[in-house]
Amino acid sequence: MVKQWQNWLDFTLALTSREIKGRYKHAALGFLWIVANPLLQMLVIGLVFQFIPGFRTENYFLYLFLGLLPWSFFTTSFSKATPLFVYERYLIKKAAFPRESLVISLILSNLLHLSIGLLLVLPFTGFSVNAVLLAAAVSWLFFFTAGISLLFSSLNVKFRDVDFFTKALLPLWFYTTPIIYSPEILPHQLQQLLVLNPMTLIIQLFRAAFGVPETFSFGQSLLIPLSLTLVVVVLGLLVFKKEEQYFDDWM
Amino acid sequence: MKKKSVSQSTNRQAAIQFQNVAKSYTLKHQKPTLVGTLFGLESRERFQALRGISLTISQGEKVGIIGPNGSGKTTLLKIAAGIATPDSGKVVVKGKVVSLIELEAGFHPELTGEENIFLNGLIIGMAKEEIEQNFTQIVQFSGLKKFIDSPLYTYSSGMSLRLGFSIAVHSNPDILLLDEAIAVGDQEFREKSLKKINSFFKQGKTIVSVSHWLDYLKNNCTRIIWLEQGKVVEDGGIEVIELYKKDSEKA
Numbered sequence: 001m002v003k004q005w006q007n008w009l010d011f012t013l014a015l016t017s018r019e020i021k022g023r024y025k026h027a028a029l030g031f032l033w034i035v036a037n038p039l040l041q042m043l044v045i046g047l048v049f050q051f052i053p054g055f056r057t058e059n060y061f062l063y064l065f066l067g068l069l070p071w072s073f074f075t076t077s078f079s080k081a082t083p084l085f086v087y088e089r090y091l092i093k094k095a096a097f098p099r100e101s102l103v104i105s106l107i108l109s110n111l112l113h114l115s116i117g118l119l120l121v122l123p124f125t126g127f128s129v130n131a132v133l134l135a136a137a138v139s140w141l142f143f144f145t146a147g148i149s150l151l152f153s154s155l156n157v158k159f160r161d162v163d164f165f166t167k168a169l170l171p172l173w174f175y176t177t178p179i180i181y182s183p184e185i186l187p188h189q190l191q192q193l194l195v196l197n198p199m200t201l202i203i204q205l206f207r208a209a210f211g212v213p214e215t216f217s218f219g220q221s222l223l224i225p226l227s228l229t230l231v232v233v234v235l236g237l238l239v240f241k242k243e244e245q246y247f248d249d250w251m
Numbered sequence: 001m002k003k004k005s006v007s008q009s010t011n012r013q014a015a016i017q018f019q020n021v022a023k024s025y026t027l028k029h030q031k032p033t034l035v036g037t038l039f040g041l042e043s044r045e046r047f048q049a050l051r052g053i054s055l056t057i058s059q060g061e062k063v064g065i066i067g068p069n070g071s072g073k074t075t076l077l078k079i080a081a082g083i084a085t086p087d088s089g090k091v092v093v094k095g096k097v098v099s100l101i102e103l104e105a106g107f108h109p110e111l112t113g114e115e116n117i118f119l120n121g122l123i124i125g126m127a128k129e130e131i132e133q134n135f136t137q138i139v140q141f142s143g144l145k146k147f148i149d150s151p152l153y154t155y156s157s158g159m160s161l162r163l164g165f166s167i168a169v170h171s172n173p174d175i176l177l178l179d180e181a182i183a184v185g186d187q188e189f190r191e192k193s194l195k196k197i198n199s200f201f202k203q204g205k206t207i208v209s210v211s212h213w214l215d216y217l218k219n220n221c222t223r224i225i226w227l228e229q230g231k232v233v234e235d236g237g238i239e240v241i242e243l244y245k246k247d248s249e250k251a
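Residue numbers (the numbering used here), protein chains in the order written: chain A, 1 to 251; chain B, 1 to 251.
Just so you know, these hints were derived from the structure itself, not from any lab.
Even glycine gets a Cβ: it sits at the ideal position worked out from N, Cα and C.
Hints are supplied without guarantee of correctness; some may be wrong.
[Claimed, not checked] Here are some chain B residues pointing at chain A (derived, C-beta under 10 Å):
no.	residue
1	Ser99
2	Ala127
3	Glu242
[As the list claims (entries may be wrong)] Output of the computed footprint for chain A on chain B, the stretches with three or more beta carbons under 8 Å from beta carbons of chain A:
no.	segment
4	51-59
5	153-163
6	211-218
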């Protein structure tokens, strides 16, 4: 049993390092590219939106960066994972290995990027961070991303248009998550709706971990997003378990 | 798939056991989509690849599977390898299966030969320590020592096939599945490969080969299974090959 777990982990980590090495091996400045994207986004969005009344919060650039970092983790993982099984069809048709490792390793490789980005944040908060909140935020983000990625990637094998759906959904999702704005600027009823989006709470948690001013209270509203996350994870696992046996048939 | 390890085997140590196994595929004329399914535009045509196959292959048997294209040979191997799942019936496979269909599975062009040995080894089900132990032999057998630090995109197709073959034969399988391409590479490597496969024959491993190369099967198998339209036509000694030849000539 332990041995099996060890083999599974070795395999998943080998795929993770394939993902990371394959991506950066020959890129000049290699790992710099990892954080370049959220950093540039922060600069551009920050420069423009700080002049729009209502958007600017205290420490707006830090506020933005702590929203963009988890969001870019989520969006790259989810959008790359959805068509992943189809892209790896040559592997799936040829060998019987744990299929979920493909998705998990993709997410793990993005977790490295997220960690590097979080390290960059530290100097700007005077190296103060609430480790417990941060660990909670990262794990929640990881499980939610893994669950939804497994669900959509499994469905995409049988229904190839699921990938289009994901790609159309993500930009809309970006604007319904308080990344570039603070929930406070919304009317009360809309603020309530934001709770239905687990990403809202996850990002708020990241901000809270670094002590970035946040007046949005999420104390009592955790129950809904947490149960939604659980539903997504369980559904993802169930659909994956059912469909993975027949992946080869649809390739 | 109902797969379980048998410890209380009643019959003489069965390696592969099929009980009334059936497998069908949906015929697809275009990419399957969710929109298509909802509007009932998807094809419901089924292709019956296997129709109630029952057979038992004992440990150490050397079985050749023959039959025209589309008779279900590859589906049979895929089910035995755990890549595909049957619609109904029971499959029991005892021991570690490695198939030489998996050459090059998961090779990444940007990674070096060495990194690819580990990746491919894990994909075909070797443990990390196992790969470490066999590493020198794998490199030696492939004859690619000089190139093992170079990225795989610098390899010719023959070279990467040689590497793949070399990993597969050093993975210490209990059951070996061979598809058409038994021999890869140049004349010298081909001879080396056949010698290696013959040594498996001598070590008493269970070997199932699918091939149209009837003379090869005649020399290396002790049992021949003749499939046609997903059913077993004949199952017996190598004399089945003569029956099959006669039948093909008639047609």
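Alanine 127/B as an interface hint toward chain A, with CB separation required under 10 Å:
holds, 5 Å
Holds or violated: the segment 211-218 of chain B covered by chain A, criterion of 3 or more residues with Cβ-Cβ distance under 8 Å?
violated (count 0)
Interface hint status, glutamate 242/B versus chain A (Cβ within 10 Å)
violated, 33 Å
Mind checking the CB of serine 99/B against every CB in chain A and telling me if the closest is under 10 Å?
holds, 8 Å
Please count how many residues of the segment 153-163 of chain B have a CB within 8 Å of a CB from chain A and say whether that reaches 3.
violated (count 0)
How does the coverage statement for the segment 51-59 of chain B fare against chain A, requiring three or more residues with Cβ below 8 Å from a Cβ of that chain?
Coverage by chain A is violated for the segment 51-59 of chain B (0 residues, Cβ < 8 Å).
The structure is inconsistent with the numbered hints 3, 4, 5, 6, although it conforms to all the rest.
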